[in-house]
Each structure stands twice: as structure tokens, then as C-alpha cells.
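**Student:** Work out the full structure: start from the sequences and follow the hints.
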Amino acid sequence: MTFVLGILGLIFLIVIHELGHMLTAKAVGVRVPEFGIGFGPAIFKKKLGKTVYSFRIILLGGFAKMAGMGDGEEGPGTYQSKSAWRRAAIILAGPMANVLAAVVIFTGIYMSGIPRATNEIAGVVPNSLASEADIQKGDRIVSVDGREAANWEGFVQSVGQREPGDRVELVVERGGEERKVSGELIADPENPGRALVGVRPVVVEDAYGPFEAVGQAVGRCVEITATLGAFIGDLVTGERSFVKNVSGPVGITSVASTSVSQGFFLPLLAIISLNLALFNLLPFLPLDGGHLFFIAAEKLLGRPVSEQTMGKFAAFGVALVLMLFVFATYADISKILTGTPFIPE
1 MTFVLGILGL
11 IFLIVIHELG
21 HMLTAKAVGV
31 RVPEFGIGFG
41 PAIFKKKLGK
51 TVYSFRIILL
61 GGFAKMAGMG
71 DGEEGPGTYQ
81 SKSAWRRAAI
91 ILAGPMANVL
101 AAVVIFTGIY
111 MSGIPRATNE
121 IAGVVPNSLA
131 SEADIQKGDR
141 IVSVDGREAA
151 NWEGFVQSVG
161 QREPGDRVEL
171 VVERGGEERK
181 VSGELIADPE
191 NPGRALVGVR
201 PVVVEDAYGP
211 FEAVGQAVGR
221 CVEITATLGA
231 FIGDLVTGER
241 SFVKNVSGPV
251 GITSVASTSV
261 SQGFFLPLLA
271 IISLNLALFN
281 LLPFLPLDGG
291 HLFFIAAEKL
301 LGRPVSEQTM
311 GKFAAFGVAL
321 VLMLFVFATY
331 ADISKILTGT
341 PFIPE
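Residues 1 to 345, numbered by the UniProt record's numbering, are exactly what the sequence shown covers, in order.
No wet-lab data here; the hints were simulated from the structure.
Errors might be hidden in some of the hints.
[What the hints assert, rightly or not] Okay, the calculated beta carbon distance ranges per label pair:
{"#": "1", "residue 1": "Ala-187", "residue 2": "Glu-223", "range": "29 to 39 Å"}
{"#": "2", "residue 1": "Arg-200", "residue 2": "Leu-48", "range": "21 to 31 Å"}
{"#": "3", "residue 1": "Pro-115", "residue 2": "Ala-89", "range": "35 to 45 Å"}
{"#": "4", "residue 1": "Leu-48", "residue 2": "Leu-228", "range": "51 to 61 Å"}
{"#": "5", "residue 1": "Gly-229", "residue 2": "Ile-43", "range": "33 to 43 Å"}
{"#": "6", "residue 1": "Ala-319", "residue 2": "Thr-237", "range": "17 to 27 Å"}
{"#": "7", "residue 1": "Gly-113", "residue 2": "Lys-50", "range": "43 to 53 Å"}
{"#": "8", "residue 1": "Arg-303", "residue 2": "Ala-117", "range": "58 to 68 Å"}
{"#": "9", "residue 1": "Gly-160", "residue 2": "Lys-50", "range": "58 to 68 Å"}
{"#": "10", "residue 1": "Leu-48", "residue 2": "Arg-194", "range": "52 to 62 Å"}
The beta carbon of each residue, even a glycine, is placed where N, CA and C say it ideally should be.
**Tutor:** Shown next, in the form of C-alpha cells:
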């Protein structure tokens, strides 16, 4: 069931992307003969108005077929008959629909409440620094070796810089009074190289109002987009291994289905949506970024780029996308065979 939900989530993002193209095309007067999800033979078709809606057997994408875009059709109501700005709006609408979807998802998450670990203690691990120093439930961690722990993240960061066996001094607050305790950090049973004090935090949920949630969601999307951009840059420069850090359809589906059972499906869906938007803006045909590149070239040159030139770039772009697909699938298979997790630790 989780696998099916993971697949449905990915299909949802594709539908959102193609809906952005189709609705904008219709809004500026471009005919859309067909709107399809997937490729290959159609397993479902339904004509509504002037558009045929189809569902196809290979769920690896989708399309909004526009009159005059790659079919040689000319005249009113075609893609090529519209101004450069209108064509750019149609192309940009797909990635922007994915960005909007991510903002909406994160807004819903922030409004429903975000779990946040505090520096108040919910429990103590036996035979640890915390238990030996008589740290109790309800105590609050104030500092680690003189470094303030204003929140749980600050506390974890301070402890994370140490190694198991290191001796640290903590300031703990209980009943409004602060006291100093010290002891040796223990090793994490699941990760022996990681040092622990041996405490569990109190977790609270921060819920936001609608307007504040939108602001938080936009900020989160900007942060994730910047991280994704830097990640792509690291792949290009070789700072990160492609095989170890990139997942193809198998890996994405696996992570999506796992996220359903572990409760982080919606945040992951928002991140994938932003990833889809950013990937589609790369300046290679047949990606949206490639179409935007040639629309910009048309404005700069004062004339459309020849079909022959665009054909050559399109062939290169298709080859590049297929190569990325093959390498990503190879990376997925390598991870399965070696037992490497799809999400790098």
C-alpha cells in the first residue's frame, strides 16, 4: 500500500506540472488537443471540451500536447502564433506550478504543527552520563562546556563535536536553579563513533496561522532550492559522487514509499516537487529551461532560431537526459546490490 501511495504522489506532481502548462496555454489562446499522464499505449481516454485526457501505461512522465508545438501546425490558436512573452509564460508555468505545490504542502504542514525538540529532558538513558550525574525528567540543559544550548539543536551540535569517552561539563536547570554536572560521554549503540549524553528531549508542536505559515513555507522552499542548486553544482564539479548521491525512478519510488510508513511523505513530496521544478529549468531541450533559452535567444536575435538548429540542440538534450536516466538507474541498482541506502547518511 505504501508503494502505491508513493507512486500516486509522484504522479500527482507530474499532473500539477503539466496542468500548469495546459491551463496557461488555454488562458493565452493556445489549443491543447491532448493532456496525458504517462507514455505508451493509452489505457484510458476521455474527451472534455476540445481536449482529450488520457492515462497511459508507462508512468514515467506526462505531457500537454499544444497545437503548433513540434507538429508543424500553423495559424491562429497555435503555440508558435503567440508572442515570445506568452510562450515563455506557458513554459514557465510548469515549474512554477511545482513551486506553488511545494509552498501549499509546506503551508499545510506548518499550519498543522511542526514537531520541535526542546532542551527540556523527557527521559534519561540508563548507565549514561545523564543518569550518573542525576539528570532527571523535567530538567533543562543550559550549556555544554560553557557554550549556551538555547535549543535542542544547539545542544546536539555541541555534543556532536566531541567523541565517546570525552569528559564534558553541563549546566542543568531544575526548579529555577542552575547546577553544574560533569561526566564522560557514552557511545551511540547504533553509531559507535557518535557521542551521547544519554537524554531524550521533550517534543512540542509549533502551529502557525495561515499568513505566518505561508511565510515559513516560502522561506523553507527558498532554503531547499538553494541547497538543491548547490548540490547540482557539487555534482558538476565532482565534489559529490553521482552514483552515491543521485537516485533514479527506482530510488525515488523506494524513498517515497518508505516515507509513507515513516511519516515524512508530505515534506518529501514538497522537496521532490521543488527538485522537479529546478531540473526542468536546466537549459537543455526538451526540458522547459531549453525552451526558455531559445525564446530568450529569439528576443536577442530579433528572429526565431531555425528549426535545424533547434533540432540539433534537441537531439543533444534528449541524449543528455537519457544518459542521466541511465546513470541514475545504474546508481539505483548499485545501491540495491551493495545495500547502500538511497538517502546518503
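**Student:** Checking each numbered hint in turn, tell me which of them this model violates, lowest number first.
**Tutor:** Structure breaks hints 2 and 4.
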